[in-house]
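S.K.: Next come the chains, spelled out residue by residue.
There are 2 protein chains.
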Amino acid sequence: MDLAQYMDQRARLVNEALDRYTSAGREEDCLKPVLEGIPPVLLEAMRYSLLAGGKRLRPLLVMAAAELWGLTPEKVMPTACALEMIHTYSLIHDDLPCMDDDDLRRGRPTNHKVYGEAVATLAGDALLTMAFELLALQSRVEGSLPERVTRVVAEMAAAAGAAGMVGGQVEDLLWEEKDAPPEQLERIHLLKTGALFRAALRCGAILGGAAAPEIAALDRYAYHFGLAFQIQDDVLDVVGDVAKMGKAVGSDARQSKSTYVSHFGLEGARQMAREHVAAAQEALAPFGERGRVLAALAQFVIDREG
Amino acid sequence: MDLAQYMDQRARLVNEALDRYTSAGREEDCLKPVLEGIPPVLLEAMRYSLLAGGKRLRPLLVMAAAELWGLTPEKVMPTACALEMIHTYSLIHDDLPCMDDDDLRRGRPTNHKVYGEAVATLAGDALLTMAFELLALQSRVEGSLPERVTRVVAEMAAAAGAAGMVGGQVEDLLWEEKDAPPEQLERIHLLKTGALFRAALRCGAILGGAAAPEIAALDRYAYHFGLAFQIQDDVLDVVGDVAKMGKAVGSDARQSKSTYVSHFGLEGARQMAREHVAAAQEALAPFGERGRVLAALAQFVIDREG
Chain B
155 MDLAQYMDQR
165 ARLVNEALDR
175 YTSAGREEDC
185 LKPVLEGIPP
195 VLLEAMRYSL
205 LAGGKRLRPL
215 LVMAAAELWG
225 LTPEKVMPTA
235 CALEMIHTYS
245 LIHDDLPCMD
255 DDDLRRGRPT
265 NHKVYGEAVA
275 TLAGDALLTM
285 AFELLALQSR
295 VEGSLPERVT
305 RVVAEMAAAA
315 GAAGMVGGQV
325 EDLLWEEKDA
335 PPEQLERIHL
345 LKTGALFRAA
355 LRCGAILGGA
365 AAPEIAALDR
375 YAYHFGLAFQ
385 IQDDVLDVVG
395 DVAKMGKAVG
405 SDARQSKSTY
415 VSHFGLEGAR
425 QMAREHVAAA
435 QEALAPFGER
445 GRVLAALAQF
455 VIDREG
Chain W
155 MDLAQYMDQR
165 ARLVNEALDR
175 YTSAGREEDC
185 LKPVLEGIPP
195 VLLEAMRYSL
205 LAGGKRLRPL
215 LVMAAAELWG
225 LTPEKVMPTA
235 CALEMIHTYS
245 LIHDDLPCMD
255 DDDLRRGRPT
265 NHKVYGEAVA
275 TLAGDALLTM
285 AFELLALQSR
295 VEGSLPERVT
305 RVVAEMAAAA
315 GAAGMVGGQV
325 EDLLWEEKDA
335 PPEQLERIHL
345 LKTGALFRAA
355 LRCGAILGGA
365 AAPEIAALDR
375 YAYHFGLAFQ
385 IQDDVLDVVG
395 DVAKMGKAVG
405 SDARQSKSTY
415 VSHFGLEGAR
425 QMAREHVAAA
435 QEALAPFGER
445 GRVLAALAQF
455 VIDREG
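Chains as they are written, first to last, in the numbering used here: chain B, 155 to 460; chain W, 155 to 460.
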């Protein structure tokens, strides 16, 4: 299969949907969040970060998981886009001066550099909230079962919240400037980025009607996928190209941050990433030929340059 | 009826539930958010603001509305507590230095004064996210219909987000230090506080199985209830007692903030508040004797001293 073409086509569908969900004036479409009354500067700030591009990896994982049970991308689009909104809100808040204090994101000034801290904080809050509105609207998609949708809402909230992504960000802050041992590093990444990857896969599967053993297989895939992703991030921070990354490189070393490369060396980290990709692909065995998209996506994680 | 006793008893139920939902170690209770793995400082920061007291007015409105259809408080407790979590997150974020920069809330130092800006921001994010987890868990309460729960999630997200409460906070910031005309003042309050009161009532009613005309009646009640509440807030900022308010008084005047008192004078504002309470009570006509709790709650809004 041509993964690049597959990813481009899916990312375009996601971009179109994200634009549609946050554009006023198409009231014939009942499947969209309430937009009436949103202060223009707030909607602009939300869209500034939401439509800034990116690979749309989390929505892709929702769609790829749902596809295992024969659902087309359109059938899970609200859930897929909700994931991207949650991811985007987390980037806006992580970039704030009181957090990582970053100026550049996806090649452009960060949200608070453009709109100020107050509006940036609120744009993040609004994206997180709209994500749950979209998750609820998933139940209006023909064929969606409301009991699956409530399960998806619970899964997503648990993954994005204090016991997941937000907790990971707190631990990341607590270990800043300390030398986090590898186990702690893994824990931070499993929470901070892994939880959302896992939720993407689980929610796609839940909407598709997956059984418990199938969800467990996707959990194993997600575990290895997430770690491979993070290790490759650490590798790219050393060897990456600013233009392809859309953000500064070498920042981990400058901040003396504990990373997989600082612990295991460049080649050691690369080897670990390769092993995680192989383990992720093995976890797909129960799906046979149907698992080929997810297998290719795992390989992409370490082949990517940005 | 003895409203004070009713309110105390309900607030106690809410406080117990909020404590239970955020306390580890009672795993027999499936009806609670995922707590395992939450960094202790984050859970502490969340509980610091969540369990700081307050009248629990929003949960009370959920319960009072649900009661119109015969539901006991226990039957809507996850939804009632979710409202309080959303309200609490909004207070934490509003108090941040980049927003209103407040040091005191409910008689204690604000969240960021105790835990720092980064953890306070994340504690707010986590409370907002946990609110949606609780809303989803509402579907596990015996007798809850999942299609009503997905509707509640959509209602709550719309009310709390960019087209509701968050939008109101943005407009409040935009009009800061400008002399907002009365229409704009009303708009800010309807978004910033009114939207959540309205959602509380609507969601209690939806869980109870209300029909559209009944929800419309509660919308009218909510409109007047919310404005009476805000006007009384403005009145109390002039005549209130610091000890009973748990926050500084006179801050509106010091900041030359446009308020109902600055526009209409103290007696003018009081008269408007009384008229809104009467209109709120009139809106309850379709419920007859069943509406007495909500009628008393509307009266409480202007009788309160904090």
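Don't read these hints as lab results, they were simulated from the structure.
Any given hint could be a false lead.
One copy or two, either will do: identical chains are not told apart, so a pair holds if it fits within one copy or between any two.
Derived pair list, reagent style BS3-like, types lysine-lysine, alpha-carbon separation capped at 30 Å [claimed, not checked]:
hint, residue 1, residue 2
1, 411, 332
2, 186, 209
3, 186, 332
4, 209, 267
5, 411, 186
6, 267, 411
7, 411, 209
8, 267, 332
Quick caveat: nothing in here was measured; it's all calculated off a predicted structure.
S.K.: Take the hints in turn and mark each one as holding or not.
M.R.: How the hints compare with the structure:
| no. | hint | verdict |
| --- | --- | --- |
| 1 | 411 x 332 | within (8 Å within a copy, 45 Å between copies) |
| 2 | 186 x 209 | within (23 Å within a copy, 34 Å between copies) |
| 3 | 186 x 332 | neither (44 Å within a copy, 34 Å between copies) |
| 4 | 209 x 267 | within (23 Å within a copy, 38 Å between copies) |
| 5 | 411 x 186 | neither (41 Å within a copy, 36 Å between copies) |
| 6 | 267 x 411 | both (24 Å within a copy, 27 Å between copies) |
| 7 | 411 x 209 | within (25 Å within a copy, 45 Å between copies) |
| 8 | 267 x 332 | both (28 Å within a copy, 24 Å between copies) |
In this structure, the hints that do not hold are numbers 3, 5, in rising order.
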